[in-house]
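S.K.: The primary structure of each chain is shown beneath.
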Amino acid sequence: GQQVMQIPQYQHVQEGEDFTTYCNSSTTLSNIQWYKQRPGGHPVFLIQLVKSGEVKKQKRLTFQFGEAKKNSSLHITATQTTDVGTYFCAGVVTNDYKLSFGAGTTVTVRA
Amino acid sequence: DAGVTQSPTHLIKTRGQHVTLRCSPISGHKSVSWYQQVLGQGPQFIFQYYEKEERGRGNFPDRFSARQFPNYSSELNVNALLLGDSALYLCASSIDLNTEAFFGQGTRLTVV
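Residue numbers (our numbering), protein chains in the order written: chain L, 1 to 111; chain Y, 1 to 112.
In isolation and in its complexed conformation, chain L is listed as follows (with noise of 0.2 Å):
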C-alpha cells in the first residue's frame, strides 16, 4: 500500500534559523497536502499542492512538490516560537480519495 514518509522526526531550531522538511510517497500522487498541528490540538491545513513542480509560499513558508509528484518539502525561514508544532504532509492517490499522512516532524524553537 502506499506509503508516505516524513524527515526528520523532530528538528530542533534556534529562533531565526531556516529549516526544511521532506515528504517522500511510494507512488505518485495527485496531491499533497500540508497541515499543522499544535501540542493538544488537532491538524490545521495549510496548503495544497496538485501540479508538478509546484512552488507556493505563505509568508516564512515555501512548499514545494517534486516533478515527479512523488516528494514534497516544507521550507521555513527565519523560524518564530509560534512556529512550534507537528508538521505533517498528507498525500493523496489519483481516484483514491484518502489522505495518507506521514509521521510528521516534530518542531521545538530554542529562543
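The hints are simulated quantities; they were obtained by calculation from the structure and are not laboratory data.
Values in this document were obtained by computation on a predicted structure and should not be read as measured data.
Hints may be right or wrong, so weigh each one.
For lysine-lysine, the following DSS-like pairs were computed, each having C-alpha atoms within a straight-line distance of at most 27 Å [said to hold, decoys possible]:
hint: 1; chain 1: L; residue 1: Lys59; chain 2: L; residue 2: Lys36
hint: 2; chain 1: L; residue 1: Lys56; chain 2: L; residue 2: Lys70
hint: 3; chain 1: L; residue 1: Lys36; chain 2: L; residue 2: Lys51
hint: 4; chain 1: L; residue 1: Lys70; chain 2: L; residue 2: Lys59
hint: 5; chain 1: Y; residue 1: Lys30; chain 2: L; residue 2: Lys51
hint: 6; chain 1: L; residue 1: Lys36; chain 2: Y; residue 2: Lys30
Position chain Y against the provided structure of chain L, taking the given hints into account.
M.R.: Leaving out everything else, chain Y in the frame of chain L:
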C-alpha cells in the same frame, strides 16, 4: 460559522464495550472522513463518506464501522473495544472529495 464539531470530547470505556463517536461537518460540506491518531504518529485514515456513500476504507478491522446521515453528520462505531483502540479520533469535513480537510478537535478515547 461553526467549525467541525465532535462529541464527546473525552471518553473512557472498558475492553469489550462498544462506542459511538459523532461528528457534525461544516455547513455545506458533503464529505466526512474519520482518522485515528495514536500519540506520536500521524492520523491514520479509517473511513471517508461523500453524499452518504462510503468512498474509502482504511486498513482497520470490521469492528470499525461508520455511516453518514442525510444532514451530512456522521457516526463512527467501534465494537469489542481493545486496549489498542485508545487514541484520538479525528473527524474532518471537506466541501468535496480531494479538497482541503477541516478537522474537529477530536474525541480522546481511553480503553481500560
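S.K.: Could you run down the list of hints and mark each one as holding or not?
M.R.: Here is what the structure says about each hint:
no.: 1; hint: Lys59(L) with Lys36(L); in the structure: holds (15 Å)
no.: 2; hint: Lys56(L) with Lys70(L); in the structure: holds (17 Å)
no.: 3; hint: Lys36(L) with Lys51(L); in the structure: holds (21 Å)
no.: 4; hint: Lys70(L) with Lys59(L); in the structure: holds (25 Å)
no.: 5; hint: Lys30(Y) with Lys51(L); in the structure: holds (25 Å)
no.: 6; hint: Lys36(L) with Lys30(Y); in the structure: holds (23 Å)
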